[in-house]
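Asker: One letter stands for each residue in the lines below.
Protein chains: 4
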Amino acid sequence: MTPVSLAHLNEASKADFVAALGDIYEHAPWVADAVAGHRPFATLADLHDAMTAAVRDAPADQGLALINGHPDLAGKAARAGTMTTDSTAEQSGAGLDRLSEQEFAQFHRLNDAYRAKFGIPFIICVRRHSKGSILRHFEHRLHNDATTELDAALTEISRIAALRLDQRVEAADRLKVHGRLSTHVLDTHAGRPASDVLIELLELSAHEESRTLVTARTNQDGRTDQPLIAGRPVPIGRYELRFHIGDYFARLDAALADPPFLGVVPMQLSVAEPEAHYHVPLLATPWSYTTYRGS
Amino acid sequence: MTPVSLAHLNEASKADFVAALGDIYEHAPWVADAVAGHRPFATLADLHDAMTAAVRDAPADQGLALINGHPDLAGKAARAGTMTTDSTAEQSGAGLDRLSEQEFAQFHRLNDAYRAKFGIPFIICVRRHSKGSILRHFEHRLHNDATTELDAALTEISRIAALRLDQRVEAADRLKVHGRLSTHVLDTHAGRPASDVLIELLELSAHEESRTLVTARTNQDGRTDQPLIAGRPVPIGRYELRFHIGDYFARLDAALADPPFLGVVPMQLSVAEPEAHYHVPLLATPWSYTTYRGS
Amino acid sequence: MTPVSLAHLNEASKADFVAALGDIYEHAPWVADAVAGHRPFATLADLHDAMTAAVRDAPADQGLALINGHPDLAGKAARAGTMTTDSTAEQSGAGLDRLSEQEFAQFHRLNDAYRAKFGIPFIICVRRHSKGSILRHFEHRLHNDATTELDAALTEISRIAALRLDQRVEAADRLKVHGRLSTHVLDTHAGRPASDVLIELLELSAHEESRTLVTARTNQDGRTDQPLIAGRPVPIGRYELRFHIGDYFARLDAALADPPFLGVVPMQLSVAEPEAHYHVPLLATPWSYTTYRGS
Amino acid sequence: MTPVSLAHLNEASKADFVAALGDIYEHAPWVADAVAGHRPFATLADLHDAMTAAVRDAPADQGLALINGHPDLAGKAARAGTMTTDSTAEQSGAGLDRLSEQEFAQFHRLNDAYRAKFGIPFIICVRRHSKGSILRHFEHRLHNDATTELDAALTEISRIAALRLDQRVEAADRLKVHGRLSTHVLDTHAGRPASDVLIELLELSAHEESRTLVTARTNQDGRTDQPLIAGRPVPIGRYELRFHIGDYFARLDAALADPPFLGVVPMQLSVAEPEAHYHVPLLATPWSYTTYRGS
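Order-wise, the sequence lines are chains A, B, C and D.
Numbering-wise (my numbering), the first sequence opens with residue 1 and increments by one.
Numbering-wise (my numbering), the second sequence opens with residue 1 and increments by one.
Numbering-wise (my numbering), the third sequence opens with residue 1 and increments by one.
Numbering-wise (my numbering), the fourth sequence opens with residue 1 and increments by one.
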C-alpha cells in the first residue's frame, strides 16, 4: 500500500481517513473511526498515542473482540490463507510460514494450551522477534495469569499498530520502532580503518542451521555503507558476525603465519532490545582482537 | 611398548639396543645398528642426531629403500592391515582410518600421482597435521621437483623418528616435539580470574562437521588444570575455542540483558607450528572481550 | 579582521581585492595583485592554488624577497613589536612569545646559524607545530642543502597562506588545513557510553611542565560536545589525555577496591600529521582498559 | 640480625627463645615469654597465632602498656633517635624520616589530636602503606570511637609482628605478608612477547614529585626477570608503570608515524591490598594497547 502523508490524513474526509488506517488494528476499523475527530495530529506519535488510548478506553467487550480478531501464530488462518495482508507479511517475516513438522506441532500445542487457559489467541508483535524468541516467550507467558496476559495482548497490539503506522504514514517524526545493528572494523596493526573486509551476519537457531542475513564489505572508513540492520526492529534473537580478517591482512602483505593465526573472526551476540542500537566494532591485528558493544 | 631408559639402552648389548629401537625407522633396523657403536649417548637429542646422520650418510640405495619402506597414506597396506604398529597408530590419530568415500578417492588419486611423478611414496609426519593439512601439503608437494621431495621425505622421516623416540625412550632431556595449546580466562568486569567457565576445543574442517577434542572448566586461576593440548605436537589445522561466559556471568548475578549480550564466545585460530606454544587468553566482561596469542 | 566572502572578492575592484588579501603573503601584496586577473575563483582551493602558482612562477629575486620578508622566530622583530599582525598571532600561538632564557638563546643561536648557512630566515608554518616540534625541525633542517631549504621555505609559505586564507575568506569549500582530536569513552563494564567523565588534554613538553589545553566532560553518548581540538591544525607534538574513570565508576556504585585500582587513566600520544583526524577512544572497566587510534 | 630457624627456636632454652624474639613486639618481651611454653610450633603461622593470642588474652593494662610502648609516627622518639631498630627501619622505609616541613607539622598535629582523643599513640603497620596512605588512614581513624581504635591498634600490632617474624625466622611455611607487583608485555603487532622493553615503576604522591622505584627491561618472555615488587607487602598507594614501547617498535622497524603515535605508555594503578598479587600485563601495537589487572 502506498504511504500516505500525515498532512493528507489530517485534511482527508473521515471516510478516507478510516479507509486509510482501518487495518492498522486487525479487523478493527473502529479504532481509526474513534480518533478521526481528534484531528489534526501534530505528529505521528500523537496519532499513535490517540489510537492506543482509544483501544484502552474502549468497552471491555470491544477490546476483547479486537484481541480475538487476531489470528493464531502459524495457525488455521495461516494455513487457509485467510489472514490479513499485514499479518501474513509479519508472520512470514519471522519464518512462521516455513516451519518444520516439529515446530508446527509445537505452535499447535502452544496455541491450544494458551486458548484453553486464557480464552484468547496468543498475541505478540512478531516483527520484534526471531522464531526462537517467539517460542521462548510463548512458553513463558503461558505461566502468567489472565490479567497479565490481557494487558500483554494490548501492549503487543499497540506495538503491532506502531510498526504498521510507521510503514503506512509519512510524517516529520518517526515512531520509536527502529533498531539498528552496525559494525566498524579498525586495523590496530596499521592504525587505520580496515577497508574491504568481508562481513557476514547470520541468524543463529537452537535447532536449525544458521541463516545468512547480510553479506557486506567495509568501506574506506571501516564501516559498511549501510548498517547491517536498520529501519526496523532488530528481532530478539542470537546472531553471529563473521569478520574475514585473515584475507584482509593477507592482501596487505602483513607478516603472517601459514596458515594465518586468525582467518575468520566469529562474534556471537544476542539482541534483547529490538529498538536499540547495537554497534559492534572489531579492533584487530593478525594476532589479536577486541570486540564490544559500542555506541 | 613399555618405555625404556636411555641409561639402559647405553649399557645394553648391541642386539638388545637394536631390538629396542629397530622400528624407530620404518622397516629399517639398520639405522639402530649403525649408531649402536656410538654409545653412550649423553642425551636423547644426541641419539636422535646420530640416527638422523646415519640415514643422511647411508648409501643412496639404502636411503631410497628406507623411503620406499613407508606405506601410502590411507593406502593398500592400511586397508590390508599390514602396516607397522606405529604407522597404524599414527595414521588413525590423524583420522586417516575413517575417511569418507570422497576423501578416500582423493588420497588414492594423490598417492598414484605422487608415485607416478617421483617413484616413491608420499611421506609426511602425520602426527604434526590434521587431515585437512595433510591434503593441503599433499597437493602442494606434488608441484615440487624430485630433489626437493627426496629431501622432504628424509626430513619427515627424521620427524617421525623423533616422535617415536620421544615415546619410547626415557631420558633427562626431551626432544623438541611437544607443542602446547592453553588458555586463561580473566574476568575484567570484576578484576579477577574467571573460574568454572566451560571451555570447548573443536577441530574445524573444511568439509565435515567440527569435532570436539576437549571439554574443560577453568580453575580458581582462570586456567584449565591441564593445557588443552600438551605433550605432543599440536596438529597443523584450524580450531575453535568456545568460552561459555554467559553462564559464568549469570552465576555471578552480574547485571545482564535478557538474553545476555554475550553467551558463548567462539574463537577460531589456526596452528602453523606444531611444536610451538599457543596460549590464547580471553579477557571478558558481559559486553566486551579481547583475545590474542599470548605467551 | 572581518571575514569576507569569496563571492564578494570575485566581484570586488582589483584594488579592493588586493587590499583584502594583500597580507596573506607576508609583506607581499604583489601575490594578490598577480592573481586578481584570474577571477572569478570557483573555490577557495582555486584561489589558494593560483596564489601558490604565482609565487612559484615569480622571478627568482621576487621569491627570495618574499622569503626574506619573513621575520625570525622569536627574533629581533618580535622583541621590537614590529612583526605583522598575522605573524605576531602565529608566533604567540605556539608560545614563542613566552620563552625561557634558555629557549630564547637556543632560537637566537639557530636563527644565526640558519642565516649564516642559507642567507635566508628559517620559515616554518608555526600553527602546525608545538614549540618542541619547531625546535626539532629547526635543528634538523640546518643539515639540509640550500636547494632543499629554498623549496621548504616556499612549501611552508604556502601552508601559512592557506591558514590565513582559511580564516579570512568564507567560501563553500574549506582548505584542507583542519585537523581534529577527539575521544569517546565506552563503559564496557555496563555496556554503554560513559557519560559525565572528566577528560583533560595536556600538551607535553620535554623540558617544561605540561600545559592543560582543554577540560571537558563526556555527554550521554560518551563523547565531548565539541572535539578536543578542531577547526585548525593539531600541532605536531606530544599530548596527554587524562580520563577520570575512577570517579565515574564510583558514582555508579560499581564494586571497587579502596582506593580503586584505576583512578585516572593517562594516555600519551604524539601527533605527526596536523591535518589528520586523531580519534582516541577509551574502553574501560574498573579493572582494565583499551585505547587506540580509531576513526 | 641473622635469621634463625624455627627448628632451632623450638629447641632453644626459654631464655634464648625470648632473647631471639623479645623485640617482635615493641618493648614487650613478655609476649615471647608467654608462648615459650607452647613449643614446639609446627609452623611459623602457629607461632604467630600463639603470639597474637597471648596479646589478645593479656590483662587489659598489659595490652595498653604494649600499645603505649609504640612510638609516634615521625614523632619525638624518631627525632631523638631513641626508637627501636625495627621501628626506625620501618618508619624510614615509608619515608617518614624525610618529611617536608608541612608534612612534619601535619604528623605533629595528628599525633597530638589522636593522643588527646584516645590517650594512646596511633599505631599502623607502616610497611603496608605509602606516606599518603598513612596520612589518609590517620585522618580517617581520628573519627572512630575508642573501642574501634583499641581493636585497630592490636590488629596493626599483629601485622607488625608478622612482618618482623617473617624476616627473623626461617621456616618451611611463610606468613601471608608478601604481595607482588609484576607485568608482562605482549607485542600483538607481531604476535609474540615484547622483549627488551624499558619499564619504570614510580610511586605517585599527591603533593610531591613521583619517585622511581624500579627500572627494568623485559626478557625474551616479555616479563621482567624479577617481579617489580616481591617478598614484601606492596604498600597501599598510587603507582605509575611506564612502558617504553615506542623505542621497542622503532627497533623492530615497524612502520611508524614520525614521531610515533605511541612513545611511552603510562599506566596508573592504586594498590589496596598489600598482600595481593598485582599482575598488570600490557598488550600493545604501535597504535593501540590494552592493560588490565591479570593473575
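Treat the hints as calculated values from the structure; they're not laboratory data.
These numbers come from a predicted model, not from an experiment.
Be aware that one or more of the hints could be misleading.
With a cut-off of at most 25 Å between alpha-carbon atoms, the simulated DMTMM-like pairs for lysine to aspartate or glutamate come out as follows [stated by the list, open to error]:
id: 1; chain 1: D; residue 1: Lys14; chain 2: D; residue 2: Asp57
id: 2; chain 1: C; residue 1: Lys176; chain 2: C; residue 2: Glu209
id: 3; chain 1: A; residue 1: Lys76; chain 2: A; residue 2: Asp49
id: 4; chain 1: D; residue 1: Lys176; chain 2: D; residue 2: Asp33
id: 5; chain 1: B; residue 1: Lys76; chain 2: B; residue 2: Asp46
id: 6; chain 1: C; residue 1: Lys76; chain 2: C; residue 2: Glu139
id: 7; chain 1: B; residue 1: Lys117; chain 2: B; residue 2: Glu156
id: 8; chain 1: B; residue 1: Lys76; chain 2: B; residue 2: Glu103
id: 9; chain 1: B; residue 1: Lys176; chain 2: A; residue 2: Asp258
id: 10; chain 1: D; residue 1: Lys176; chain 2: B; residue 2: Asp221
id: 11; chain 1: A; residue 1: Lys14; chain 2: A; residue 2: Asp173
id: 12; chain 1: B; residue 1: Lys176; chain 2: D; residue 2: Asp221
id: 13; chain 1: A; residue 1: Lys176; chain 2: C; residue 2: Asp57
id: 14; chain 1: C; residue 1: Lys76; chain 2: C; residue 2: Glu170
id: 15; chain 1: C; residue 1: Lys176; chain 2: A; residue 2: Asp221
id: 16; chain 1: C; residue 1: Lys14; chain 2: C; residue 2: Asp221
id: 17; chain 1: D; residue 1: Lys76; chain 2: D; residue 2: Asp46
id: 18; chain 1: C; residue 1: Lys176; chain 2: D; residue 2: Asp49
id: 19; chain 1: D; residue 1: Lys176; chain 2: C; residue 2: Asp225
id: 20; chain 1: A; residue 1: Lys176; chain 2: A; residue 2: Asp145
id: 21; chain 1: D; residue 1: Lys176; chain 2: D; residue 2: Asp258
id: 22; chain 1: A; residue 1: Lys176; chain 2: B; residue 2: Glu240
id: 23; chain 1: C; residue 1: Lys176; chain 2: C; residue 2: Asp225
id: 24; chain 1: B; residue 1: Lys176; chain 2: B; residue 2: Asp258
Stretches of chain C that chain D covers, calculated by requiring three or more beta carbons in the stretch to come under 8 Å of a beta carbon on chain D [what the hints assert, rightly or not]:
id: 25; segment: 48-56
id: 26; segment: 102-112
Cβ atoms here follow ideal geometry from the backbone N, Cα and C, with glycine treated the same way.
Asker: The structure should be examined with respect to each hint, and the outcome stated for every one.
Answerer: Results for each hint:
no.	hint	result
1	D/Lys14 - D/Asp57	holds, 21 Å
2	C/Lys176 - C/Glu209	violated, 32 Å
3	A/Lys76 - A/Asp49	violated, 32 Å
4	D/Lys176 - D/Asp33	holds, 24 Å
5	B/Lys76 - B/Asp46	violated, 36 Å
6	C/Lys76 - C/Glu139	holds, 20 Å
7	B/Lys117 - B/Glu156	holds, 19 Å
8	B/Lys76 - B/Glu103	holds, 15 Å
9	B/Lys176 - A/Asp258	holds, 20 Å
10	D/Lys176 - B/Asp221	holds, 18 Å
11	A/Lys14 - A/Asp173	holds, 23 Å
12	B/Lys176 - D/Asp221	holds, 18 Å
13	A/Lys176 - C/Asp57	violated, 61 Å
14	C/Lys76 - C/Glu170	violated, 34 Å
15	C/Lys176 - A/Asp221	holds, 18 Å
16	C/Lys14 - C/Asp221	violated, 50 Å
17	D/Lys76 - D/Asp46	violated, 36 Å
18	C/Lys176 - D/Asp49	violated, 73 Å
19	D/Lys176 - C/Asp225	violated, 50 Å
20	A/Lys176 - A/Asp145	violated, 29 Å
21	D/Lys176 - D/Asp258	violated, 49 Å
22	A/Lys176 - B/Glu240	violated, 39 Å
23	C/Lys176 - C/Asp225	holds, 23 Å
24	B/Lys176 - B/Asp258	violated, 49 Å
25	48-56	violated (count 0)
26	102-112	violated (count 0)
Violation of the numbered hints given earlier is confined to hints 2, 3, 5, 13, 14, 16, 17, 18, 19, 20, 21, 22, 24, 25, 26; the remaining hints are satisfied by the structure.
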